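Okay, here's what each chain looks like letter by letter:
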Amino acid sequence: MEKILEVKNLHVSFDTFAGEVQAVRGVDIDLTKGETLAIVGESGSGKSVTSKSIMRLIPNPPGRIKEGEILFEGKDLAKYSERQMQKVRGSEISMIFQDPMTSLNPTMTIGNQIMEGLRIHQKMSKSQATARAIELLKLVGIPNAESRLKQYPHQFSGGMRQRVVIAIALACNPKILIADEPTTALDVTIQAQILDLMRDLQDKTGTAIILITHDLGVVANAAQRVAVMYGGQIVETGTVDEIFYKPKHPYTWGLLASMPKVGDSGSELIAIPGSPPDLSDPPKGCPFAARCPHAMQVCVDHMPEATEVSGTHQAACWLLDERAPKVEKPAEATVGGAR
Amino acid sequence: MSTQEKEVLVEVKNLKKYFNMGKGQHLKAVDDVSFNIYKGETLGLVGESGCGKSTTGRTIIRLYGATDGSVTFDGEDVHGKKDKAKLKEFNRKMQMIFQDPYASLNPRMTVKDIIAEGIDVHGLAKTKEDRLNKVYELLETVGLNKEHANRYPHEFSGGQRQRIGIARALAVDPDFIIADEPISALDVSIQAQVVNLMQKLQRERGLTYLFIAHDLSMVKHISDRVGVMYLGNLVELTDSDTLYNEPLHPYTQALLSAIPVPDPELERSRERIILEGDVPSPVSPPSGCRFRTRCPHAMDVCAKVVPKWQEAREGHYVACHLYDDEVKEN
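As you go down the protein sequences, you meet chains P and C in turn.
First residue of the first sequence: 0, per numbering that gives the first Met the number 0; consecutive thereafter.
First residue of the second sequence: 0, per numbering that gives the first Met the number 0; consecutive thereafter.
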């Protein structure tokens, strides 16, 4: 398996009037060709900042990459100049954003927006780019591609706009596609269409996808591997089966337990008490310690290292240390939503 | 408890709400919707954006005037003429919790004043001390504490703000609460906290809820009965277990099958009904059944005749020609 992207010990901070906010604190990610890696976590857990750092889209100031490497095919993107990055963005790595209403330029036709990247990165002639744009619109399932090219974003519905955004992202056959909550703003029936489309396109093009989401249903549907983020760190990573069926971290347990299950209507949901840590003053030890039912003194004082559970499964939790008391996964932390 | 024994609290009858778009066009946000809400139950209302579920909620509480049809609350017409005193008394009984806990609290008021606003308007506290005690009590009820009373909304997280919104709604001791997407803006682990709080309050105070949301798994969890809306129409209504296990309307079936389930193995094996196309415009909805343009079972009759809202099985209402005996015979 060929690793296409390796993020090593990434630290990203934002300087604010209230002090430094350490949004990402030591994240390691690797991505293999053709796979889909999901990054899940709550708002403020650092999942979007991590992905934007890979694209070097964090505005500086106030944000800055403090430490760490972003190795894309062996080259460190963290050291790239803005000019070098422009060659990478859109052609080698591209990104889809959450809101298709705001990520398209309202004053440009759809056709010009798709062709922009092709003309700049691949130096295509206008007629070549037009032909490719029509091909792309057909690929993402937009009917009447020829006439649609001349239309503006406001003439498209939400789901159609997201298809256009995907067409733009895929225009130059990128090696990595970063999808930041690509379906969150869409309705469920449209979400199903878009997820289906993304899977289809991945089969055809072999693009590796980093899928950022907070919806565990979407993760189960679309990803092969999962990284769970909390408080600016990755607390657990593994294949979907490992994360959903054999989770090891109490935060992952909590997430799974808080989803409503089949046949328990009316009974109480298992909520995680409290709220996430303030990253302008991050806790010294494990970020989840304050909300963790199994927290020990060591959790408050020292950050746990990532522990190997299997070749593909790692969790950063002191419970996995051999000196820790044995705590079994609670019975509520199982899968299964409605139906 | 069977439906016969239950007492009707809210009766919605042929409710219509059209918005004038100018040039003689009307956006039919809610078009001929009828249902009952029984005392002490939670009725869920689901559907995609633009289907009219929020408009239905807002028209029930008289935030919008109805274009046609009626809403009866506890035997009284909500949209009927009322003098000021009567209207005030009426407003006390029905309260609303809004979707966005960031936008629905006045940033320039302290939490104490936000919660006490209703108490002041309705004169429910005789002295300043009484008012403050009431606020403290409400804060504790929703899981916050006294120290929070003098703070401003921006000092709270999303989940805490939603708790403040709930405390504000409870301040005037209502019978009926309309919760319009109360958890959509919150994180998963916080959603469960708010849902648990709402259920606890319902048990303790005998509240009736209309729970509007697009997250079907949460709606199933909290609701006794669920109604599904599509493009301004109610297409199906039954108790939540039946709806999820034996959905009748093709739209409900598609909607349920579209929800990704957090279970990788199930996801891999599952057959999806993927609907083609988008929701048509509510300004000029399709003739006959509004779902026919995307329906995998559409027949000729669907384009001509509007399907009747009828009880297909006991307590299971559906508006679809597939379950219409007259259509079947022809």
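Since the hints were made in silico from the structure, they are not lab data.
The model shown is predicted, which means the values in this text are computed figures rather than measured ones.
Errors might be hidden in some of the hints.
[Unchecked claim] Examples of chain P residues lying across from chain C (beta carbon under 10 angstroms, computed):
#1 Glu41
#2 Gly43
#3 His153
#4 Ser156
#5 Ile189
#6 His213
#7 Asp240
#8 Met258
#9 Met295
[Stated by the list, open to error] Across the chosen pairs, the derived CB separations fall in these ranges:
#10 Asp202(P) to Asp324(C): 41 to 49 angstroms
#11 Gln85(P) to Val120(C): 39 to 47 angstroms
#12 Ser156(P) to Asp324(C): 57 to 65 angstroms
#13 Ala130(P) to Ala302(C): 35 to 43 angstroms
#14 Pro58(P) to Met108(C): 28 to 36 angstroms
#15 Glu154(C) to Ser156(P): 33 to 41 angstroms
#16 Ser156(P) to Ala302(C): 47 to 55 angstroms
[Stated by the list, open to error] With a cut-off of at most 25 angstroms between alpha-carbon atoms, the simulated SDA-like pairs for lysine to any residue come out as follows:
#17 Lys87(C) to Gln98(C)
#18 Lys245(P) to Arg267(C)
#19 Lys111(C) to Ser90(P)
#20 Lys145(C) to Asp277(P)
#21 Lys307(C) to Arg267(C)
Glycine included, each C-beta is placed from N, C-alpha and C at the ideal position.
Status of the hints after comparison with the structure:
no. : hint                                       : result
1   : Glu41                                      : holds, 4 angstroms
2   : Gly43                                      : holds, 9 angstroms
3   : His153                                     : violated, 14 angstroms
4   : Ser156                                     : holds, 5 angstroms
5   : Ile189                                     : holds, 7 angstroms
6   : His213                                     : holds, 6 angstroms
7   : Asp240                                     : holds, 6 angstroms
8   : Met258                                     : holds, 6 angstroms
9   : Met295                                     : violated, 21 angstroms
10  : Asp202(P) to Asp324(C): 41 to 49 angstroms : holds, 46 angstroms
11  : Gln85(P) to Val120(C): 39 to 47 angstroms  : violated, 58 angstroms
12  : Ser156(P) to Asp324(C): 57 to 65 angstroms : violated, 36 angstroms
13  : Ala130(P) to Ala302(C): 35 to 43 angstroms : holds, 38 angstroms
14  : Pro58(P) to Met108(C): 28 to 36 angstroms  : holds, 33 angstroms
15  : Glu154(C) to Ser156(P): 33 to 41 angstroms : holds, 39 angstroms
16  : Ser156(P) to Ala302(C): 47 to 55 angstroms : violated, 22 angstroms
17  : Lys87(C) to Gln98(C)                       : holds, 24 angstroms
18  : Lys245(P) to Arg267(C)                     : holds, 18 angstroms
19  : Lys111(C) to Ser90(P)                      : violated, 54 angstroms
20  : Lys145(C) to Asp277(P)                     : holds, 22 angstroms
21  : Lys307(C) to Arg267(C)                     : violated, 37 angstroms
Checked against the numbered hints above, the structure violates hints 3, 9, 11, 12, 16, 19 and 21; every other hint is satisfied.
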